[in-house]
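K.L.:
If you're matching them up, the sequences are chains A and B in order.
Those letters in the first sequence? Residues 1 to 112, by our numbering.
Those letters in the second sequence? Residues 1001 to 1113, by our numbering.
Please keep in mind that the hints were generated in silico from the structure rather than gathered at the bench.
Hints are not guaranteed to be accurate.
Said to hold, decoys possible - Chain B side only, calculated, beta carbon under 10 angstroms to chain A, not exhaustive: (1) Leu1044; (2) Lys1049; (3) Ser1079; (4) Asn1099; (5) Gly1106.
Cβ atoms here follow ideal geometry from the backbone N, Cα and C, with glycine treated the same way.
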Amino acid sequence: NAGVTQTPKFRVLKTGQSMTLLCAQDMNHEYMYWYRQDPGMGLRLIHYSVGEGTTAKGEVPDGYNVSRLKKQNFLLGLESAAPSQTSVYFCASSTGGNTEAFFGQGTRLTVV
Amino acid sequence: GDSVTQMEGPVTLSEEAFLTINCTYTATGYPSLFWYVQYPGEGLQLLLKATKADDKGSNKGFEATYRKETTSFHLEKGSVQVSDSAVYFCALSDRGGGNKLTFGTGTQLKVEL
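Next up, chain A with everything else stripped away, as it sits in the complex (with noise of 0.2 angstroms):
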């Protein structure tokens, strides 16, 4: 059983660059996350889906997109990449309601 699978495990970036994050579950969630982690201040909201086709904006939103096109499967996007986005990324999924959330391993993303 996988879980969430989170591809690609690493990644560096130049500035301006772009690329596509993607999350995996095989659990039939209905609800999937992506997390920033960064030292000192936890796990932020990026964005999250309630559901296949829907999207809505988190905590920090800013510089992202995200698409969820098919229900198991949850894209992060980053246009125009900046030293700021360097981070620790985490996909998560859940059944809602007061289930708790199953993680990713999470990418290490450095933007240089």
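Got chain A; can you put chain B on it based on the hints?
P.N.:
Quick look at chain B alone, frame taken from chain A:
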């Protein structure tokens, strides 16, 4: 908005010592509360949760009680092991649209022999 405050780390303990990591929250309504653990190089895993006031969550010797009157959810363990070394995150869920989690900043625990 919702927020979670937890004690700053790092916390260094000897094996078999008692652990307390403090967590307090601010929220509208009645959130669910969670403790997640992150081992080095890994994602977050649920450690325990509580969904209403006075509920006690427990797992692997860790416990936390949902205290509505003090808006707290402190994590405790009676006897820590080296294998408990990790970063611990307190979080709340808004129960509303999106079931979004709000996290504290995390507390790093290091347990030494």
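K.L.:
Out of the numbered hints, which ones does the structure contradict?
P.N.:
As far as the earlier hints go, only 3 is violated by this structure.
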